[in-house]
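Participant: Now for the letters of each chain:
There are 4 protein chains.
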Amino acid sequence: MVQAELIHTGKTLLSQQEFENLAQRLSNWGRWGADDELGTLNFITPETIKNAAGLVKLGRPVSLASDMAVNPAANNPRPVRHLVYRSDNKAPSGAFGDHFSLDPHGSSITHIDALSHMYYNGKGYNGRDINLIGTSGTPFNSFKTLINGITGRGILVDLPRAAGKKFFEVNEVATADAFHKALSDANVTVQSGDILVLNTGKHARFGEKGITATAQGLSGLSIACAEFVHEKHVSAIISDCAIDPQPSEVTGVRIPWHMMTLVFWGMPIVDNADLELLAATCAELGRWDFFLTIDPIRLQGGTGAPVNPIAIF
Amino acid sequence: MVQAELIHTGKTLLSQQEFENLAQRLSNWGRWGADDELGTLNFITPETIKNAAGLVKLGRPVSLASDMAVNPAANNPRPVRHLVYRSDNKAPSGAFGDHFSLDPHGSSITHIDALSHMYYNGKGYNGRDINLIGTSGTPFNSFKTLINGITGRGILVDLPRAAGKKFFEVNEVATADAFHKALSDANVTVQSGDILVLNTGKHARFGEKGITATAQGLSGLSIACAEFVHEKHVSAIISDCAIDPQPSEVTGVRIPWHMMTLVFWGMPIVDNADLELLAATCAELGRWDFFLTIDPIRLQGGTGAPVNPIAIF
Amino acid sequence: MVQAELIHTGKTLLSQQEFENLAQRLSNWGRWGADDELGTLNFITPETIKNAAGLVKLGRPVSLASDMAVNPAANNPRPVRHLVYRSDNKAPSGAFGDHFSLDPHGSSITHIDALSHMYYNGKGYNGRDINLIGTSGTPFNSFKTLINGITGRGILVDLPRAAGKKFFEVNEVATADAFHKALSDANVTVQSGDILVLNTGKHARFGEKGITATAQGLSGLSIACAEFVHEKHVSAIISDCAIDPQPSEVTGVRIPWHMMTLVFWGMPIVDNADLELLAATCAELGRWDFFLTIDPIRLQGGTGAPVNPIAIF
Amino acid sequence: MVQAELIHTGKTLLSQQEFENLAQRLSNWGRWGADDELGTLNFITPETIKNAAGLVKLGRPVSLASDMAVNPAANNPRPVRHLVYRSDNKAPSGAFGDHFSLDPHGSSITHIDALSHMYYNGKGYNGRDINLIGTSGTPFNSFKTLINGITGRGILVDLPRAAGKKFFEVNEVATADAFHKALSDANVTVQSGDILVLNTGKHARFGEKGITATAQGLSGLSIACAEFVHEKHVSAIISDCAIDPQPSEVTGVRIPWHMMTLVFWGMPIVDNADLELLAATCAELGRWDFFLTIDPIRLQGGTGAPVNPIAIF
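Protein chains in written order, with our numbering: chain A, 13 to 325; chain B, 13 to 325; chain C, 13 to 325; chain D, 13 to 325.
Chain A extracted, bound-state conformation (with noise of 0.2 Å):
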């Protein structure tokens, strides 16, 4: 038997025609409809919810985001800006208000991807115009299918647990077969309406060895695993990192998973998580499954916002 090569760093796997045939394939205009904007949320049932919340067997929830930085770093040269203000300086009763703004995209905000971030040709999911997308929002591919949250259950992709080390290095890619091993290390079969959460390590190695820009690489998972968890019926995908790995497997394709989630399927993506504590929790816990939530503030006509999705045990 060979062996599994769970890293690669730096290969092409495929040419833009050759991901453009991928994509043709494996697309889901039209599946659900004309005017379909919920995409791979369709996988999301009452019974598949119904399903997750029978996970909730201790009563521990988890945060998968980490706190919003507003300071400048190699990876967010626009941070948050937050004011707190007192409203009244004199009387000795009273409030205190905020004031923020934002740029949710990005690669420091833990953010969630609405189906309008991304196009391709000119087309959103969907097939739709991305022409009549203005400043003032978006008309379809927006938030309107977020309003009721994402609940699931979600399933813990610990990668570098598969392959035996404490974090993924800038520009290093999981492989298909480091994706299937966690799996099978998790001893979970993905059905329908899943939400998978892919852990690279980013933050631990940030913790270790500082923040990287953007710009240094960033490391992700093999689009060879694109077709698996099409064929599953994920509804959506939670990453440390922004699933694809920098520089990219697709030549002439920057970031081939955004356009394939996004534009082909109509998945909603959450990017920059930290799974530091949901990792250790699974693995205190030997279960890698869990009740998952994801409730984005009603930001309609947005392509993102920022998301604290909790994990329950």
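Keep in mind that the hints are not guaranteed to be accurate.
Just so you know, same-sequence chains aren't split out, so a pair can sit in one copy or run between any two.
Below, in silico cross-link-like pairs of lysine-lysine (BS3-like), each with a Cα-Cα straight-line distance of 30 Å or less [stated by the list, open to error]:
1. Lys102 with Lys156
2. Lys62 with Lys244
3. Lys156 with Lys221
4. Lys69 with Lys244
5. Lys135 with Lys102
6. Lys177 with Lys62
7. Lys156 with Lys178
8. Lys102 with Lys23
Hints in this document: simulated from the structure, not taken from any laboratory.
Put chains B, C and D on the given structure of chain A with help from the hints.
Facilitator: Structure of chains B, C and D alone, referenced to chain A:
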């Protein structure tokens, strides 16, 4: 038997001194130690979370928030400023980004108040000196304790339903009688850790009569219910208003419920929820309790943030 | 002799084709070379600046701006968001800081339009491709040419005075007759490099009749004056409105003055000036020309910025 | 004759008590009445403005500001957030808009400090109680007195030139000897209403050695010059630094020049000017005085704003 009084308008119930006596008597300062910042979230336990998950019987989620308004309105002089932008106007494939700024407090956005939002006589929850709160944020009573979200059993206290009307008018106050009738109608017994969800029908009224400015009055709940809420170990309160009726029932204290919950009890509250769909769902299903999650973004140092609480039946 | 028509309301003067013919005929594209971004600021020379300084005879400065509004109004749905904060609430000595955000364009803030603000058929001033303008700013026709400010002779064209009324009503258009009568009343001859300051009495009307929304109409100047302004080598125009009357005099072109000045001439313009004090000063002193400075902040890549033009008599 | 000491590094000149005695002695509180908010702008008169206009001999304008930085740097942790957006992505003709947010104070933006920026022992200029300053702005010592801008004679005090070097190093303080040598070299006599422009060569140093954080020190002017500036009736000071050297020459008072000018004298100051081109122009022309305008936007209630001061030779 005397006919229950379900609504009053403009009555004064307490003097400032009487309110302070009540607050003193019901205060949780020191109850969980001098360092405590959890306040009434201490009533949430693995057991209460587990039991709450058992309420997911249909797998049917309902949002308790409204869309974030981006235009000025009578109740919203400073709406969210939200911009969607295309990263590159020439490339056929690419991304849209968002920038938004907001003040979470006020009378429009569905938002959570962290304990640090209010202070009384220079002190915040657990006696903390509010002069330590600066522009860059509060070092205590902030979102630290909200990291893992708030999860538990929610109970809809449907006050218009109890009062046999569609909605409370501006200035109308739900009395303790109305409150207890709503609980009795719902056939639920409040238990330790429960999250109360107070509906005064504000959004139904807005829909029928238009949006009104806060200065014109706010429907709310009588402060006469404070002792009951305290005794039952409620963990948090969500309301479609701000709990506090305007004008106030307490002479010299503009928003006594805010002071009681945030400052004296250490109880986070959610203002400006939209409870129309929740109320309709409860009435349809004939049950007024449900699994409830509030997952605030991790805005460390903040005194409030927009939220999207999700009930699951 | 025919009575001059000083005001019209709602007349259409040109078809889109006629406007385009006019724009073509008066275009400055290529006039100062293919690389030019100065446009009509080329008419400002050391000589015109020196001569303008000679107009400082009394040493009396007058602002042409209004205070920046921080509350929503009919003409201002997105007011400036401005926060003042104390850096340290405990130290007896210290500092206050400011944070503010704004959109300079619109109908409220006194602001300058850089040439890049407008485009016609995909082209900006001097034929530049507007697809090169991205979210992070414009690489051309921006504030680069405004670095040293705009200095020159200002001439108040006091249209209400010429028309014998206090202010123009919403929708009222000052005709070429009114324009020339105002110049004639002022007893000035427009010279190369001059800055025209057009008063329609908008703030006087706001004061008497209240603020109106732009959708209700805007007083302005007839496009019939374009040829004269072009021939006289005017360098810039400041107006209390936006020059362009609403509804437009040109079928199919909503704001032809903006297109003519910014796109075809390369002429920066200032909108929403408050000219009440200036008009009163001119009338008091019996002179309608003055030294004028516009010193925009150096917001590189921007298409507009708030300004405070100062006339000195 | 003793050799003049032109530069010192790290010397302490005054104790806090001595500074307070000095401030008391030089204070302008009450000088122009209890209601005065103009402070040293009272020294600007029609006569000084008229005389200043006489300095426009060449018609040559020079900006004293730098471009506003939109990326974080060592001296700029919170850069301007600036977005340019296209109003309509489909129409061939239309507009671009801007949204930007900023904190004017700090060590990067060329900005003016209104008198309300600083306070000493709880008091602002003319003894005003700073507890009256709230989040929505200051009711006094704000931009009200800056409405008509600041116009007058500017004098470049070119300290590196006086010291025979290209720029002052971080921490280097220009002594009173250097200050007077620079004035003497410039062959100008300071007169009532003059605006001093202090160059320490900061931007030349940044260009050669890179941008440094404020915590590493700031070149500045010795507080020993305060009495002279006060006696000469200077109206305002512009500097490329913040006047105040860091570390401070005064024990217990971090920025004594800010306290002296803003609080005790009522003198507005401009920080972070870029004076490289001005210094080169002065040297080229052999004259160090010029007509100068500072036209701040009308941000009522603000304590500071970005500016673009323009010198005209």
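Participant: Going through the earlier hints one by one, which of them does the structure break, listed in rising order?
Facilitator: 6
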